[in-house]
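Going by our numbering, the sequence shown opens with residue 33, and the numbers climb by one from there.
Honestly, I wouldn't trust all of these hints.
[As the list claims (entries may be wrong)] Taking CB as the label site, the calculated pair distances span: (1) LYS117 x ASP92: 33 to 43 Å; (2) ALA59 x HIS102: 56 to 66 Å; (3) LEU107 x PHE86: 39 to 49 Å; (4) GLN124 x LEU93: 37 to 47 Å; (5) LYS63 x PRO105: 54 to 64 Å; (6) TYR106 x GLU83: 25 to 35 Å; (7) GLN87 x LEU48: 35 to 45 Å.
Think of the hints as simulated: they come from the structure by calculation, not from any bench. As the structure is a computational prediction, the values presented were derived from the model and not from experiment. We treat Cβ as the ideally placed atom computed from N, Cα and C, and that holds for glycine.
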Amino acid sequence: MKTNKKSLTISCFNTLVLAVMIEILAAIAVKAQDHLNFDLLNGLYTPTESERFFQAGREDLEREIAILNHPEPYLSGDVLQIDPKTIKQMNQLELPSDFEEDLSEYKLQR
33 MKTNKKSLTI SCFNTLVLAV MIEILAAIAV KAQDHLNFDL LNGLYTPTES
83 ERFFQAGRED LEREIAILNH PEPYLSGDVL QIDPKTIKQM NQLELPSDFE
133 EDLSEYKLQR
(Lines of atoms letter the chains of each structure in order from A; the text may use other names.)
(Lines give C-alpha, C1' and ligand atoms only; values in the text may rest on other atoms or scores of the structure.)
Protein backbone atom coordinates (compact mmCIF):
# COMPACT_ATOMS: atom_id res chain seq x y z
CA MET A 33 0.00 0.00 0.00
CA LYS A 34 1.28 3.31 -1.01
CA THR A 35 0.62 6.33 1.20
CA ASN A 36 0.78 9.66 -0.37
CA LYS A 37 1.73 12.88 1.33
CA LYS A 38 -1.74 14.38 0.95
CA SER A 39 -3.56 11.59 2.88
CA LEU A 40 -0.84 11.60 5.54
CA THR A 41 -1.17 15.36 5.96
CA ILE A 42 -4.97 15.15 6.20
CA SER A 43 -4.73 12.33 8.74
CA CYS A 44 -2.27 14.30 10.91
CA PHE A 45 -4.45 17.41 10.62
CA ASN A 46 -7.58 15.47 11.67
CA THR A 47 -5.75 13.98 14.66
CA LEU A 48 -4.48 17.42 15.69
CA VAL A 49 -7.95 18.97 15.40
CA LEU A 50 -9.46 16.13 17.45
CA ALA A 51 -6.80 16.52 20.16
CA VAL A 52 -7.39 20.28 20.35
CA MET A 53 -11.15 19.78 20.61
CA ILE A 54 -10.74 17.25 23.44
CA GLU A 55 -8.40 19.64 25.27
CA ILE A 56 -10.84 22.53 24.89
CA LEU A 57 -13.73 20.40 26.16
CA ALA A 58 -11.65 19.25 29.14
CA ALA A 59 -10.74 22.85 29.97
CA ILE A 60 -14.41 23.89 29.76
CA ALA A 61 -15.42 21.01 32.03
CA VAL A 62 -12.79 21.94 34.63
CA LYS A 63 -13.82 25.60 34.53
CA ALA A 64 -17.51 24.66 34.86
CA GLN A 65 -16.71 22.41 37.80
CA ASP A 66 -14.98 25.32 39.57
CA HIS A 67 -18.12 27.43 39.21
CA LEU A 68 -20.58 24.77 40.42
CA ASN A 69 -22.17 25.49 43.75
CA PHE A 70 -21.91 22.15 45.55
CA ASP A 71 -24.00 23.44 48.47
CA LEU A 72 -26.88 23.84 46.06
CA LEU A 73 -26.36 20.32 44.73
CA ASN A 74 -26.27 18.92 48.27
CA GLY A 75 -29.55 20.69 48.98
CA LEU A 76 -31.12 18.85 46.08
CA TYR A 77 -30.15 15.51 47.57
CA THR A 78 -32.75 14.14 49.96
CA PRO A 79 -32.34 10.84 51.77
CA THR A 80 -34.62 8.00 50.80
CA GLU A 81 -37.08 6.40 53.18
CA SER A 82 -34.77 3.43 53.73
CA GLU A 83 -31.87 5.73 54.60
CA ARG A 84 -34.08 7.53 57.14
CA PHE A 85 -35.15 4.17 58.60
CA PHE A 86 -31.57 2.98 59.08
CA GLN A 87 -30.48 6.37 60.45
CA ALA A 88 -33.25 6.20 63.08
CA GLY A 89 -32.16 2.65 63.92
CA ARG A 90 -28.54 3.76 64.36
CA GLU A 91 -29.65 6.60 66.65
CA ASP A 92 -31.76 4.22 68.75
CA LEU A 93 -28.87 1.76 69.00
CA GLU A 94 -26.45 4.50 70.06
CA ARG A 95 -28.93 5.68 72.73
CA GLU A 96 -29.32 2.11 74.05
CA ILE A 97 -25.53 1.67 74.14
CA ALA A 98 -25.20 4.91 76.11
CA ILE A 99 -27.83 3.68 78.60
CA LEU A 100 -26.06 0.32 79.00
CA ASN A 101 -22.64 1.97 79.41
CA HIS A 102 -23.88 4.42 82.06
CA PRO A 103 -27.04 3.01 83.71
CA GLU A 104 -26.70 5.01 86.96
CA PRO A 105 -28.99 7.92 85.97
CA TYR A 106 -31.69 5.48 84.92
CA LEU A 107 -31.60 3.36 88.09
CA SER A 108 -32.14 6.21 90.54
CA GLY A 109 -35.74 5.35 91.45
CA ASP A 110 -38.15 2.46 91.30
CA VAL A 111 -39.40 1.91 87.82
CA LEU A 112 -42.72 0.49 88.96
CA GLN A 113 -44.54 1.74 92.02
CA ILE A 114 -47.54 -0.24 93.19
CA ASP A 115 -50.04 1.08 95.68
CA PRO A 116 -49.94 -0.98 98.91
CA LYS A 117 -53.74 -1.24 98.86
CA THR A 118 -53.58 -2.92 95.47
CA ILE A 119 -50.99 -5.41 96.74
CA LYS A 120 -53.24 -6.22 99.71
CA GLN A 121 -56.22 -6.78 97.39
CA MET A 122 -54.16 -9.06 95.15
CA ASN A 123 -53.09 -11.14 98.15
CA GLN A 124 -56.68 -11.48 99.32
CA LEU A 125 -57.96 -12.54 95.93
CA GLU A 126 -59.21 -16.13 95.85
CA LEU A 127 -59.62 -18.13 92.70
CA PRO A 128 -63.00 -19.77 92.11
CA SER A 129 -63.17 -23.50 92.78
CA ASP A 130 -64.02 -24.33 89.15
CA PHE A 131 -61.14 -22.25 87.78
CA GLU A 132 -59.26 -25.24 86.33
CA GLU A 133 -62.40 -26.61 84.73
CA ASP A 134 -63.03 -23.32 82.91
CA LEU A 135 -59.58 -23.49 81.34
CA SER A 136 -59.84 -27.10 80.17
CA GLU A 137 -61.21 -26.12 76.77
CA TYR A 138 -58.11 -23.95 76.15
CA LYS A 139 -55.50 -26.62 76.93
CA LEU A 140 -53.37 -27.92 74.09
CA GLN A 141 -54.37 -31.25 72.62
CA ARG A 142 -51.51 -33.68 71.97
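Are there hints from earlier that the structure breaks, and if so, what are their numbers?
3 and 7
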